[in-house]
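Since each chain sits alone in its own frame, please combine them into the complex, following the hints.
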Amino acid sequence: MNVTHSILWLFDQHQARRIRVIENTFAGKKTVSTLFWGLRYGLLPLLGSQKNLNRHQLEREVQTEIDAGHAIRTNQQILLTPTGQQLKTAGLTEAYHPQFYSGWLNVDLGRTMQRLLLAGQVVSEYRVHQSRYFPYETDFETMGQVKQWFRRNKSDSLGQKFYQELERVLNGVSVQTADDFVRQLIGHDQPGETLSQISQASKMPVASILAERFDVLTRMAQLGSAGELPLIQDLVGDLVRFPLSRGAMTTFNQFQRGRTLGEIAQQYGLKIGTVREHLLEAAIILPLAQFPYAALLGSRTDQLRQLYPDEAQMDDWQFQDIMEAGLDWDFFWFRLYQVWRTKET
Amino acid sequence: MSEQLESQLYEALDREFGFKTFRTGQLESLASLMQGRDTLAVLPTGAGKTLIYELYATIKSGTVLVISPLLSLMQDQVGRLQAAGRRKTVALTSLTDLAERRSQIQRLDQYRIVFLSPEMLVRTEIQERLRQMNISLFVVDEAHCITQWGPDFRPEYLLLGQARKMLNQPLTLMLTATASSKTQEQIIQRLGVPNANRIMTSVNRANIFLAVETVSSDREKGQRLADLVRSLPKPGVVYFSSKRAANQVAANLNELENVEASPYHADLDGEQRYKIQQQFMAGQLNVICATSAFGMGIDKADIRFVIHYHLPTDLENYSQEIGRAGRDGQPSLAILLYQPGDEQFAWSLSQASIPDEALIQRFYQHPSQFHGQDEQVDLLKFYQAHGVNELAAQQLFSDRMKARRTAIQEMMTFVTTQGCRREILLQKFQPAPYPTHNAECCNGEDTPVPTLLGSQTEQKPTQTVKGNWQSRLASLFL
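Residue numbers (this note's numbering), protein chains in the order written: chain A, 1157 to 1501; chain B, 233 to 710.
These are calculated hints, taken from the structure and not from any lab test. Beta carbons: idealized from backbone N, C-alpha and C, even for Gly. Hints may contain errors.
A short, non-exhaustive set of chain A residues, derived as facing chain B with CB atoms under 10 Å [claimed, not checked]:
| # | residue |
| --- | --- |
| 1 | R1288 |
| 2 | D1336 |
| 3 | L1452 |
For reference, chain B alone in the conformation it holds in the complex (with noise of 0.2 Å):
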């Protein structure tokens, strides 16, 4: 990288962002894509993946377009541009009504970021509009969404590649905190972009202790949560697979002193989300209990804990998740409560969403009888729209299987290990060497879970407005 462009970076974070310093990967990326180089950026949770295409909107002239999966994520980036002044920001998703993304549409040369959802992309109507526009860099955010199969998963992810064509290959950048270097090649290789520079960052979270606790019930998993929760320095976030076991714990949690809990799943408006998400940023909840949903926009620096009290479908979405802890870089702990069988459960959330041989026979058959909606025969629709026929479907589902079976698999060699848990999970992604294991890593090797963690002062869940109803207005109005 030229002195120049280096200090030409430098000045831009200062003008932008106050910042002095850039952290690891975002100097990188930014200098391979000034040089006009496709870019994958393998950083991890929390290290500041936006900044990247923020900034490089800010020098560059035109359109930054910015593809990501998740809606709520997008409604949750748009708004934290425009608290920190960006005003010129959209989402354009299907959540938006018919004459609101009409008006965007028409104006969409006037902002600077365009956050798309992949099914808005793939529209005739946009791409016609995109078109026209000068699109100075191509953002596919969580780009392992593309290999991924889960409740992120759009079948609109595998036309990307075909969409950048379509708009004349422009520069791109694609971000990810999680790829094995199998999913790097299949990012690559989808987007049709065989020259892309890698940045990679090390995943690894030093920061945070990683342990497993084995329960042998229900009862003993509940218990040992409340326990945890009771004693741990918080703020934390438990993680769920099942939107009622959510409600449910939240529910006991508050019940404990010191403790201010809220479920959060996407069963809840935009309304509540809002305010739960505000609560916590602002110290008034201290627990969420989460389904993954919650996390992808949250960025919460002070997160003591993270606890799965379900296992996860794969060691993607364990080492997102455990990324929300520790932002700050201090000592930090993850536990997942393992209670024997509940690989069952997580098979079972796993292959929900994938058709099996039956369906898929009956629907290649009689298309025209299947309507409604139901995310499987969606899928179905989907692929043979695209000319995907019944045998060629047949081996992508059983392959499918397969994969997500493995994933599971792997999770479990993590859980039941008497070894290293860091460099179990640290294989998934990255190549040797693996940090050598000590007391900070895990509770492998007979590693007790470190207790110093209760000696960082302890945030107590902050009051809101007391009073009658006039002196709660008056503190809001007067």
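In isolation and in its complexed conformation, chain A is listed as follows (with noise of 0.2 Å):
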């Protein structure tokens, strides 16, 4: 995505956010302190969706916004003006609303889209027997699966499959979202849109229409995964993916056999540190009902919600204050209940 255009939607009138933070879940580091704050700003769909962002280029435009009295920087913390905030609003209410939000996270969005878009230019090609022509210039990764699979599939018949294969995943949005998409493909004669020549003529934000580009995708790895695209499910099946990590799908797995913390570290030789923080991750991952907070937390809720009544000023709940209860607590409770909280509101 080109942020240039909007960033505003990317930050808050009342909740600090640091751009660390933003940059990390775009790169899709899946530290627990970004995939904890990630969480808290809502922006945890977008992990991993923008691998190259430039982190110069976010922290530039953050300095334009500044600089024109939409945000203000405090303790390396960005927060919106209320002018920031406005435009922000008034920038929403054009803007698309995603239907798959949620679902972003189970699949490799960039991936998915570079191939779409390199596979697609192959057989438009094809289909006019065409072969000399500028490639799309995409990574080795994408280049290879994309030959591979072309010879797989090469006949006759290719164009009218893939095209009935993307009708049908279109079929399943909106008009806008499938003439945005459309535009975005390359193929023989037609170089494809570029997101911010699409947001001018759809009148929405560049974000806008990067989001309708995921729920596209998305979309097209549930059909595929449901066996509906044979063709598109050969190109990017594997790109379909569970968001724990390895680390934390095991941890968790143990977890939920009813092994200690203490006896999974030792079966897999971690520290007691690491398998908390698979837990934390699966805890931030995983929809509210599949983690059990209330079962691992036990007694300590009840404890923890006295020492923070206040779920709206959660951003600033401080561990200290559960030491200076008096409690030799490991910092993971507290942060579980954070995440916990975070879910259910």
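Here it is in structure tokens:
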């Protein structure tokens, strides 16, 4: 995405946000801190959606908004001014509201799009028997995957099938979304439109065009997994991901089977701190109902509730209050409680 | 050159590229290489420098190694070569991820042309791999970068001579469009090829009229630009020193009738850059608002004008950028819009990458206190790691500042002269004699900017596919 055109939507008037967290979320850094704050900011589905985001660029764009009086910086954190918030709200009313936002996490959106762009071009040129053209320049992995996919599926009816599967996907989204998505594709004599060109044509922010893209790709992945798009599934099926890291998944499974954290640590030769981080990752990423917060926190829940009664102020809660109350608890319990409360509200 | 060699080269040209004639300098450079001579070729932008090593790669066995400063340029070239059916080409850069790079390195000897960034070349594992290979030609593209200090500058370029030695001094081709005689000396000295054969062609581009117009305010500059873009035949390129200005002006120009403009700069990701380039090539866009990131790899023959919205930091860059215009040989226009004081902006850009005295001192006293990514600190670290002490660093950077200041002064002489601008530009790059000033030369000596340009057939932006998404999708795949 070109964040040049709107970054206000990433920030808030009442919640000071760290640029670093947002950048790490886009980049897909799965540290517990990034995941937690990504969750707090409501930006977690963007995890890993723009791996090549240029950090200086984001910083520059923030500075532009600060210079324009739309935001202020305090302690390395960014807050929108009332004007900035107004602009954001106005922007959001025109903006696209994602249909599959929580599903974004389950698809490697960046790589899926790269494969789709190149494969689309290859199919389109093949259809007109053109072998000399400027191939879409992308990474080596994508090129290799698309090449093999093309070899496996080359046939006279390839264009027809590719068309039908895309049509099947796009029939399930709004006309506007389908239109904006198709404009992005590359093919014979059609270089494809850029996000900002589509944004101008449809009078929606660039972030919306990107959100539409992510929705289409997510729906594509869902239909693909359900076996409805054999050709596309063969192209991008491996890019559907379970968002938990392997370590976190193992730990969580063991924990579900009734093992204690200490036992898990011992069995896998992990530090207890690592096991706790795995569980936090699982808590942040899994849906609320799938994580046994109450059972794990036990009687700590009541004490935590008393210590931190005001959930609206959660970003300002201090772990120190626990120690000052004479409780010798690990930070883990504090953070886990925060994750729970965030998910419940 | 023997007749036999000459006919062998013509034959290869026809066989590989389907051309009957060489462009100026190509045949001479190839002949020089075929005779085993290290060669410095100074050829104007658009002269087809890449054809020299591409053709060489088809004649000689082994691998041609091309050191190129710009990552995007390498991607472009690999893309273009592959599009032309030359698939055994690869670019090895820091953009490539580790696993991919490993597999490329393993298969390196299977490629006919390998593009490398200077950063990659100085890595031990890559040098070791290259030493096992048969390097038929060592090409230094944009060789002036060895001496230049700008956005393209890579300190690693300073190590190219050493790297070449490590590779047992393969036959070397140095390519540049713009090298003053002083720069030529430095290139030859730094690469350690004292006996290099120099192939020189004039950098003069007679079909490009050179103009400078002075405006008194930002507003007037914007207005004048809009007038020019409206009335000049297109396509055209407007160069900026700031991405922000490129974005803003592109948006303004888009309001004009028959103008389809887009910004192009390093902040755009690969997908957007690809699309903009291809739209421009296809005529869907007719004006590009670019920073220096644009152009190195663009080969569009019919660009009718290049406008500079900001003052370039030196005549080398200016000459490179106006060189995008009129590659088809048709009359074209280069206009520099100058507002008094613009040189301050150029100067601040020019010195931005150069550490000042205080920073150098602090760095050398407490190098461990400097973390993170900072262009200036990275440079200092590089020099320190290569045995440059504080005193030498101070001297080096202060010389660099002076050189940059002189470069801007030369640019200003070009801007403010009452005389022939072309002569001032050419003086920088080649010895006399210079072409006599005339009405098609430049707007020095009270010569008016020609209006005949408008009489050419104008290219209007072509339309993209219309209709609903189903018909668009059908036009792609059915």
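task = Mind checking the CB of D1336(A) against every CB in chain B and telling me if the closest is under 10 Å?
result = Holds - the Cβ of D1336(A) comes within 10 Å of chain B, reaching about 9 Å at its closest.
Residue hint R1288(A), partner chain B, criterion CB-CB below 10 Å = Since the shortest Cβ distance to chain B is 6 Å, the answer is holds.
ask   = Holds or violated: is there a CB of chain B closer than 10 Å to the CB of L1452(A)?
value = This hint is violated: L1452(A) lies away from chain B, its Cβ roughly 38 Å from the closest one there, beyond 10 Å.
Hint compliance for this structure: hint 3 is the single one not met.
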